[in-house]
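All chains, full assembly: derive it from the sequences and hints.
Residue-level listing of the chains:
2 protein chains.
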Amino acid sequence: MSIKDDVLKIAVSAKEASLSLATLGSEVKNKALLNMADALEKNAARLKQANKKDIDGAIKKGLTKAMLDRLTLTDKVISGMAEGLRQVVALPDPVGEVTGMWKRPNGMTVGKMRIPLGVIGIIYESRPNVTADAAGLCLKSGNAVILRGGSEAIHSNVAIAEVLNSACAKAGVNEKAVQVMPMIDKEAILELLKLEDYIDLIIPRGGEGLIRFVSENSRIPVIKHYKGVCHVFVDEFADMDMAKNICFNSKVQRPGVCNAMETLLVHKNIAKKFLPMMHEEYEKAGVELRGCPKTKAILKGIKDATEEDWSAEYLDLILAVKVVGSFDEAISHITKYASLHTESIVTNDYANAQRFLKEVNSSTVVVNASTRFSDGFQLGLGAEIGISTSKLHAFGPMGLVELTTQKFIIYGNGQVRE
Amino acid sequence: MSIKDDVLKIAVSAKEASLSLATLGSEVKNKALLNMADALEKNAARLKQANKKDIDGAIKKGLTKAMLDRLTLTDKVISGMAEGLRQVVALPDPVGEVTGMWKRPNGMTVGKMRIPLGVIGIIYESRPNVTADAAGLCLKSGNAVILRGGSEAIHSNVAIAEVLNSACAKAGVNEKAVQVMPMIDKEAILELLKLEDYIDLIIPRGGEGLIRFVSENSRIPVIKHYKGVCHVFVDEFADMDMAKNICFNSKVQRPGVCNAMETLLVHKNIAKKFLPMMHEEYEKAGVELRGCPKTKAILKGIKDATEEDWSAEYLDLILAVKVVGSFDEAISHITKYASLHTESIVTNDYANAQRFLKEVNSSTVVVNASTRFSDGFQLGLGAEIGISTSKLHAFGPMGLVELTTQKFIIYGNGQVRE
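Note that the protein sequences, when read in sequence, are chains A and B.
If you're matching positions, the first sequence starts at 1 in my numbering and goes up one per residue.
If you're matching positions, the second sequence starts at 1 in my numbering and goes up one per residue.
Mixed in with the good hints there might be a few duds.
Remember, identical chains collapse to one label, so a pair may be satisfied in a single copy or spanning two.
[Unchecked claim] Only pairs whose alpha carbons sit at most 30 Å apart, straight line, appear in this in silico BS3-like list of lysine-lysine:
#1 K9 <-> K224
#2 K76 <-> K170
#3 K31 <-> K48
#4 K103 <-> K224
#5 K224 <-> K194
#6 K336 <-> K112
#7 K112 <-> K303
#8 K303 <-> K224
#9 K194 <-> K65
#10 K15 <-> K224
#11 K103 <-> K15
#12 K244 <-> K407
#13 K76 <-> K273
#14 K272 <-> K284
#15 K407 <-> K112
#16 K272 <-> K300
#17 K224 <-> K4
Quick caveat, the hints were computed from the structure, so don't treat them as lab data.
Because the structure is a prediction, the values reported are computed rather than measured.
Pasting the structure below:
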């Protein structure tokens with residue numbers, strides 16, 4: 001069989017599985033999730049053995065220590081995966097929820113009911129724990145999932161899928177509900193992305209290169225975010241201590257993630273007071289600042305910010321800093337350079353807080369809190385399958401509900417159109 | 001300038017207009033809509049003059065009478081357009097609506113707020129009245145719109161856009177909020193479909209050929225429906241009179257539209273009673289039946305239904321008829337052949353009604369009413385910009401709300417991540 005046929009076979013069986021998944025009761029899905037969690041822990045030795053093959057291969061290929069770390073399945077990582085699945089059990093099942101119902105003048109009752117999307121394809125890099133996390137969220141929301149991890153994790157991912165499959169089957173769930181693509185060729189991804197008749201949504205997770213490759217080649221709708229160029233704007237009416245804590249946390253707490261701040265905007269009326277104080281904190285944490293001319297007039301000796309810095313996603317202890325002359329200038333800067341991910345204002349002024357919430361149309365807009373809260377768990381979605389900075393279907397962190405759609409339901413008693 | 005540059009110029013100015021549109025108050029938008037309605041009526045003579053050029057061209061090209069009818073702007077069509085805009089004024093403005101708000105354990109308040117999508121491209125055929133309808137809905141929902149109608153209606157569409165633009169400007173709305181592409185080359189559509197950095201959504205409206213062309217060539221998300229193969233299932237527990245009315249209405253009331261019934265499924269236990277009675281009604285209305293062998297055993301002399309008939313969208317007084325042995329067989333047939341548009345069951349059995357609503361995952365699922373109710377106005381959305389049979393973003397008839405997305409908003413008081 002060709003790669004094309006193999007991929008088609010996976011997609012056809014996923015679509016078939018999705019039909020029975022759509023009507024499964026929550027109890028059955030929860031039983032399957034608990035089975036999956038137990039099976040991962042029971043099969044830890046087998047998973048680590050498969051993982052060893054990937055590690056050996058990765059060492060030969062000369063992967064960095066950070067990449068090896070992310071690839072490695074330890075007992076702790078495995079029980080983390082199991083724990084993640086058990087947490088999904090506790091989340092409410094979105095499928096079948098009726099989100100609204102209204103009466104029409106002719107006596108019909110019309111409502112909207114949540115249903116699964118169908119088949120979801122997830123294309124991701126390195127970390128094999130994504131395999132279990134994504135499988136759990138898709139199963140709970142009634143979707144079949146096709147997982148295509150990085151080629152360097154192929155043995156681990158296939159082993160995880162085998163364990164999950166038999167755990168599903170024991171709960172009476174079609175084992176094709178969760179499938180890992182075992183082919184490592186890029187051609188297999190290209191074939192998958194053509195199968196719009198079988199797959200309803202593609203979610204790429206990884207670097208910008210992977211995401212661009214997927215979205216340029218897909219005939220299936222893609223939910224994605226390329227990068228997070230998040231801003232904090234310290235308004236002239238900010239509480240200085242609060243601003244210091246929020247700016248520090250947004251940049252330093254975990255600089256390598258998409259919801260970390262990359263550009264700091266400071267109102268000119270408080271810049272002379274705020275910037276030296278903030279600079280001191282950042283210096284202790286090893287943050288390199290790159291400033292606009294007005295910033296440099298206050299913080300002598302820091303690097304220049306170039307035009308590229310305003311749209312840079314450093315993912316590192318580097319921060320672009322700009323002094324703005326007004327609230328409007330801050331909004332204009334954000335409108336021009338932001339990636340629609342997350343922007344925060346620190347202010348005690350009621351009108352400015354409300355204007356910021358209204359006028360900044362990023363997927364998460366924050367008043368007086370760290371950008372780091374832009375995350376499915378932190379926002380209370382209970383889980384996160386990804387984040388969208390495209391506005392269609394979902395915008396911002398995506399939980400279980402974002403893996404569903406809604407159909408119209410009509411209860412009539414014989415109505416016909418005039 | 002090349003076509004590419006011209007198209008880019010339109011898209012750039014639309015994006016710019018969308019930024020100011022996003023924060024316009026409802027009063028300003030409503031004022032603009034009322035101005036637009038008045039201006040269309042005041043400029044009726046000018047519009048009919050431009051339309052005459054299109055009509056003359058269409059006659060030369062040998063368009064059918066039906067096509068000429070759809071193309072013609074009469075005083076009645078023009079006041080219909082104006083009336084449509086006035087109705088949009090009366091609809092609630094979805095922008096800024098906070099659809100939910102919850103408290104996090106750390107004291108933050110998190111909510112979701114509706115915002116416009118940004119720039120919407122609408123690609124459609126013939127009818128110039130779509131130009132005003134779509135412009136009104138996009139404006140009310142705070143979106144800029146780029147309209148590309150059929151080349152045969154180009155003079156009419158450009159004239160309508162000119163009238164709408166100056167009416168917008170008089171209300172203080174950026175006149176680039178509504179733009180008609182004046183280029184008739186297909187190349188212009190192809191260029192438009194590449195501009196993912198400026199346009200957020202494409203809605204094609206027209207025949208299957210146009211929709212496939214758009215969705216195969218677009219880098220921008222497309223919301224579409226190819227066709228409506230709608231089913232009515234007359235269950236064994238149906239009220240015969242109700243079934244007769246619903247089946248008649250679903251097929252005959254307006255056969256040329258996507259929510260008309262194309263396949264009738266009848267439970268075997270009532271087929272002998274129901275089919276002859278229904279056949280009599282259909283014969284009076286000139287409906288041609290094409291039956292499965294079991295149907296033909298009851299209704300002698302009707303045509304055979306072939307495999308193609310089960311997925312045919314006739315848009316005409318033709319109906320495929322199948323006798324099914326069970327409720328499950330009806331569901332299987334629908335799952336296999338339906339276009340995810342609209343399916344209806346006629347039954348007095350509580351369990352079957354609930355199972356049908358749950359198990360049929362078309363965008364509109366109906367109990368005891370005509371399929372013809374699958375329509376934005378009939379469902380109470382107040383308006384309809386199109387219908388989606390793809391599950392992402394919107395599924396089913398789309399009103400104003402479906403032209404928006406939601407951002408997360410966070411009210412904090414200094415929270416940082418641990």
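How the hints compare with the structure:
1. K9 <-> K224: both (26 Å within a copy, 27 Å between copies)
2. K76 <-> K170: within (25 Å within a copy, 66 Å between copies)
3. K31 <-> K48: within (25 Å within a copy, 67 Å between copies)
4. K103 <-> K224: between (37 Å within a copy, 27 Å between copies)
5. K224 <-> K194: both (17 Å within a copy, 18 Å between copies)
6. K336 <-> K112: Between copies, since 23 Å is at most 30 Å while 37 Å is not.
7. K112 <-> K303: Result: close neither inside a copy nor across copies, 55 Å intra and 39 Å inter.
8. K303 <-> K224: neither (33 Å within a copy, 50 Å between copies)
9. K194 <-> K65: Neither: 35 Å inside a copy, 40 Å across copies.
10. K15 <-> K224: both (22 Å within a copy, 21 Å between copies)
11. K103 <-> K15: The answer is neither: 35 Å in one copy and 38 Å across copies each exceed 30 Å.
12. K244 <-> K407: between (47 Å within a copy, 26 Å between copies)
13. K76 <-> K273: The answer is neither: 46 Å in one copy and 67 Å across copies each exceed 30 Å.
14. K272 <-> K284: Close inside one copy (19 Å), not across copies (86 Å); limit 30 Å.
15. K407 <-> K112: Both: 5 Å inside a copy, 21 Å across copies.
16. K272 <-> K300: Intra 12 Å, inter 93 Å, cutoff 30 Å: intra-copy only.
17. K224 <-> K4: Both ways: K224 and K4 sit 25 Å apart in one copy and 27 Å across, limit 30 Å.
Hints 7, 8, 9, 11 and 13, counting from the list given before, are not met by this structure.
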